[in-house]
Amino acid sequence: MMTYTEINLQTFAGVIIGLLLIYWILKMLRKTAIGHLALFTAIEAFIWLLVTFFILFIFFAAGFLLTAVLLIIAVFLFGKTIKNIFYGLFYKITSKLRKGMQVKVGDIQGEITDLGVATVEITDDFQNKIYIPYDVIQEQVFTDVPRHRHIVKSQEIISFPGVAKLIPEITEWIHQNPYIIQNYPVKVLPKSADTVMLEYYTFGEDTARQVINDLLTFLNNKSDD
Numbered sequence: 000m001m002t003y004t005e006i007n008l009q010t011f012a013g014v015i016i017g018l019l020l021i022y023w024i025l026k027m028l029r030k031t032a033i034g035h036l037a038l039f040t041a042i043e044a045f046i047w048l049l050v051t052f053f054i055l056f057i058f059f060a061a062g063f064l065l066t067a068v069l070l071i072i073a074v075f076l077f078g079k080t081i082k083n084i085f086y087g088l089f090y091k092i093t094s095k096l097r098k099g100m101q102v103k104v105g106d107i108q109g110e111i112t113d114l115g116v117a118t119v120e121i122t123d124d125f126q127n128k129i130y131i132p133y134d135v136i137q138e139q140v141f142t143d144v145p146r147h148r149h150i151v152k153s154q155e156i157i158s159f160p161g162v163a164k165l166i167p168e169i170t171e172w173i174h175q176n177p178y179i180i181q182n183y184p185v186k187v188l189p190k191s192a193d194t195v196m197l198e199y200y201t202f203g204e205d206t207a208r209q210v211i212n213d214l215l216t217f218l219n220n221k222s223d224d
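No gaps in the numbering here: position 212 of the sequence shown is 211 in numbering that gives the first Met the number 0, and each next residue is one more.
Keep in mind that the hints were calculated from the coordinates and are not lab data.
Here a beta-carbon is modelled for each residue, glycine too, at the ideal position from N, C-alpha and C.
In the DSSO-like style, the derived pairs of lysine-lysine whose C-alpha atoms are separated by at most 30 Å in a straight line are: (1) Lys128 x Lys91; (2) Lys103 x Lys128; (3) Lys164 x Lys186; (4) Lys186 x Lys221; (5) Lys103 x Lys186.
For each label pair, taking beta carbons as the anchor points, the in silico distance ranges come out as: (6) Lys152 x Leu215: 16 to 26 Å; (7) Ile92 x Ala163: 54 to 64 Å; (8) Lys221 x Gln126: 36 to 46 Å; (9) Glu168 x Lys128: 37 to 47 Å; (10) Asp113 x Thr216: 35 to 45 Å.
Please build the complete structure, drawing on both the sequences and the hints.
And the structure:
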C-alpha cells in the first residue's frame, strides 16, 4: 500500500508529465495550424479541457475528494486566470517573450518591461504601462520589432506651388504611407499658400527621409494631373 508521501509524489509527477505532453502537443499543432486557426482554437480548447479532467482524475484516484471538489470550483471561477498562468509559464520557458523586447500586439506597440504571472507589462513610447493577458497575446499576432529601429520624430517644411490647397490629399496620402507610424500623431499645418509643415514619426532617420522623397513625388504627380 502506498504511503501519503508516495501518493503526493506520484500526483505531482503525473501533473508535470501531463502538462509537458500538452505543451509539446500544442507546439506541434501550432506549427501545422497555419490557415486553420479556427480549427486549431477548437482543438486547443479541447486539449485544455482534457488536461483539466486529467488533473482532477489524479486527485480523485488518490482519494483527495475535497481537493478535487475545490479544484472543480476553481476551474469554473478562475479558469481564465489559470489559463493565463499556464501560457505565461510556457512563454517564460520558451523565451518567446523577454524583458526589453520591442513588440507590437494589435494596435499596441512598446517594450516589454515585466513578465507577470498572468499578464505582460508593456510600456509604450509615451511611457504608458499596459497590461495584456497572455491568452490575448496567444490569440493575436504579435511582432517582435527590432531594437535598432528607434522611433524618430520629424518636422519638415514642404515648399511646393499651391501645396496648402492639397492638405486633404496629403493627409489621405499620409494614412496610406507604410513608413509613417500610424498610431502616432501626425500634423499637416499650412504656413503659406506654397508652404506646409509636416510632423510625423518613423522608424529611423533613413525612413524619415524616404517619406519626404515619396511626398515630393506624390505632389509632382498631382501637379501633372
